[in-house]
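Novice: Letter by letter, the chains look like this.
2 protein chains.
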Amino acid sequence: MKIPRPILNLIEYFERLPGIGPKTAQRLTFFLLNFPKEDLERFGESLVELKTKTRFCNICKNVTEDDTCIVCSDPTRNEKQIAVVSGPMDTIALDKAGFKGVYHVLHGIIDPLNNIGPEEIFIKELLERITKLDSNVSFEDMGDDKSGVEIILATNTSMEGESTAMYISKMIKERGFDAEKVIITRIARGLPVGGDIEYADDITLSRALEGRTEI
Amino acid sequence: MKIPRPILNLIEYFERLPGIGPKTAQRLTFFLLNFPKEDLERFGESLVELKTKTRFCNICKNVTEDDTCIVCSDPTRNEKQIAVVSGPMDTIALDKAGFKGVYHVLHGIIDPLNNIGPEEIFIKELLERITKLDSNVSFEDMGDDKSGVEIILATNTSMEGESTAMYISKMIKERGFDAEKVIITRIARGLPVGGDIEYADDITLSRALEGRTEI
Numbered sequence: 166m167k168i169p170r171p172i173l174n175l176i177e178y179f180e181r182l183p184g185i186g187p188k189t190a191q192r193l194t195f196f197l198l199n200f201p202k203e204d205l206e207r208f209g210e211s212l213v214e215l216k217t218k219t220r221f222c223n224i225c226k227n228v229t230e231d232d233t234c235i236v237c238s239d240p241t242r243n244e245k246q247i248a249v250v251s252g253p254m255d256t257i258a259l260d261k262a263g264f265k266g267v268y269h270v271l272h273g274i275i276d277p278l279n280n281i282g283p284e285e286i287f288i289k290e291l292l293e294r295i296t297k298l299d300s301n302v303s304f305e306d307m308g309d310d311k312s313g314v315e316i317i318l319a320t321n322t323s324m325e326g327e328s329t330a331m332y333i334s335k336m337i338k339e340r341g342f343d344a345e346k347v348i349i350t351r352i353a354r355g356l357p358v359g360g361d362i363e364y365a366d367d368i369t370l371s372r373a374l375e376g377r378t379e380i
Numbered sequence: 166m167k168i169p170r171p172i173l174n175l176i177e178y179f180e181r182l183p184g185i186g187p188k189t190a191q192r193l194t195f196f197l198l199n200f201p202k203e204d205l206e207r208f209g210e211s212l213v214e215l216k217t218k219t220r221f222c223n224i225c226k227n228v229t230e231d232d233t234c235i236v237c238s239d240p241t242r243n244e245k246q247i248a249v250v251s252g253p254m255d256t257i258a259l260d261k262a263g264f265k266g267v268y269h270v271l272h273g274i275i276d277p278l279n280n281i282g283p284e285e286i287f288i289k290e291l292l293e294r295i296t297k298l299d300s301n302v303s304f305e306d307m308g309d310d311k312s313g314v315e316i317i318l319a320t321n322t323s324m325e326g327e328s329t330a331m332y333i334s335k336m337i338k339e340r341g342f343d344a345e346k347v348i349i350t351r352i353a354r355g356l357p358v359g360g361d362i363e364y365a366d367d368i369t370l371s372r373a374l375e376g377r378t379e380i
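Going down the list, the protein sequences come from chains A and B.
As numbered in our numbering, the first sequence has no gaps in its residue numbers, which increase by one up to the final residue, 380.
As numbered in our numbering, the second sequence has no gaps in its residue numbers, which increase by one up to the final residue, 380.
To be clear, the hints were calculated from the coordinates, so they are not data collected in a lab.
Mixed in with the good hints, there may be bad ones.
Copies of the same chain are indistinguishable here, so a pair counts whether it falls within one copy or spans any two.
[As the list claims (entries may be wrong)] With a Cα cut of at most 25 Å, we get these calculated DSS-like pairs of lysine-lysine:
no., residue 1, residue 2
1, Lys216, Lys202
2, Lys297, Lys338
3, Lys261, Lys167
4, Lys218, Lys202
5, Lys188, Lys265
6, Lys188, Lys167
7, Lys216, Lys167
8, Lys167, Lys265
Input sequences plus hints: build the corresponding full structure.
Specialist: Take a look at the structure:
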């Protein structure tokens with residue numbers, strides 16, 4: 166049976182979304198046929214406004230409505246701790262986990278197989294941001310904690326995430342900042358909480374051993 | 166963390182779709198942030214056009230671009246066999262199964278708990294359609310098969326589907342059509358192909374016994 170074009174169009178758009186196959190795309194589309202026309206219009210507008218009404222924060226590059234995002238303009242957050250993440254969703258996850266520093270959103274990960282090089286993501290902007298902090302901020306003035314800026318590399322622990330972290334770390338070190346002023350750290354790799362040693366894969370387990378801490 | 170309004174709007178719309186929870190809605194929305202602006206616009210347009218560019222077929226009430234749908238205007242289909250279904254997706258499923266008759270789409274199911282009565286769905290239109298066929302068509306002219314119109318009640322085998330089928334059957338009978346001209350049938354309920362008698366539920370099994378056929 167030939168499905169009418171306007172219905173097929175929407176099915177095809179849904180199919181392009183992650184985790185949505187042809188059958189689900191069809192179900193969603195036919196479900197929307199029961200939506201009031203006004204709701205479909207507002208849904209459509211939200212899609213358009215997703216990009217037209219948002220921009221990148223001029224400091225951390227996270228998606229925001231204003232020039233500077235909520236996190237970067239919040240004086241209670243520790244701007245000396247910058248978590249480098251690959252996407253905006255990671256900032257939500259870290260916030261939920263209780264992170265009180267600020268972010269730098271790369272909007273991607275270095276992935277040569279998919280033609281994403283270091284220039285395609287916001288690495289240059291991160292280096293500029295650190296340079297600016299390094300030259301402008303007198304760390305002694307920032308409170309009783311005299312340590313410098315901490316760059317926490319919080320990209321995924323996938324192969325691409327690891328190599329992106331390695332690359333960024335190398336680039337920062339090449340800039341020759343004072344090692345006491347710019348500290349680079351990487352999130353710990355180990356067993357997830359509730360994890361079974363018996364079922365853990367070799368690499369995770371060897372990373373968990375390497376990263377062991379004294380108790 | 167406060168998520169920007171334009172992003173939240175879209176997340177909320179995705180959450181209203183069946184099978185999409187808060188987490189998936191978030192993932193889909195942030196995925197769309199990487200879409201080109203033009204694609205988001207076209208996606209939005211497709212949502213609006215889903216209703217503005219479609220209408221109900223003037224015969225079977227299926228969703229269509231033209232006044233009469235592809236099935237109803239296809240002369241090779243048997244217009245003496247009308248499958249009554251609850252939604253447009255059911256017509257696609259029956260077509261795939263090889264059904265060569267025509268459809269009548271109710272656009273819903275009688276469901277008193279959700280305030281859907283017989284007037285909310287296209288039952289009246291079905292009765293009018295049968296009346297018209299009964300008075301206009303001389304069955305003897307329709308080919309060598311002299312039997313009348315067959316109304317196949319193909320609603321779901323859920324409680325609501327069964328009671329909708331019962332209600333429609335009662336309404337058709339009350340109209341007093343010639344019993345040889347208007348035959349009412351119900352799709353078979355039994356074990357799905359590949360089904361295990363051991364694991365079948367009692368009701369399915371008792372229906373399968375009731376509906377047994379000689380071989």
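Novice: Report the numbers of all earlier hints that the structure fails to satisfy, in ascending order.
Specialist: Every hint satisfied by this model.
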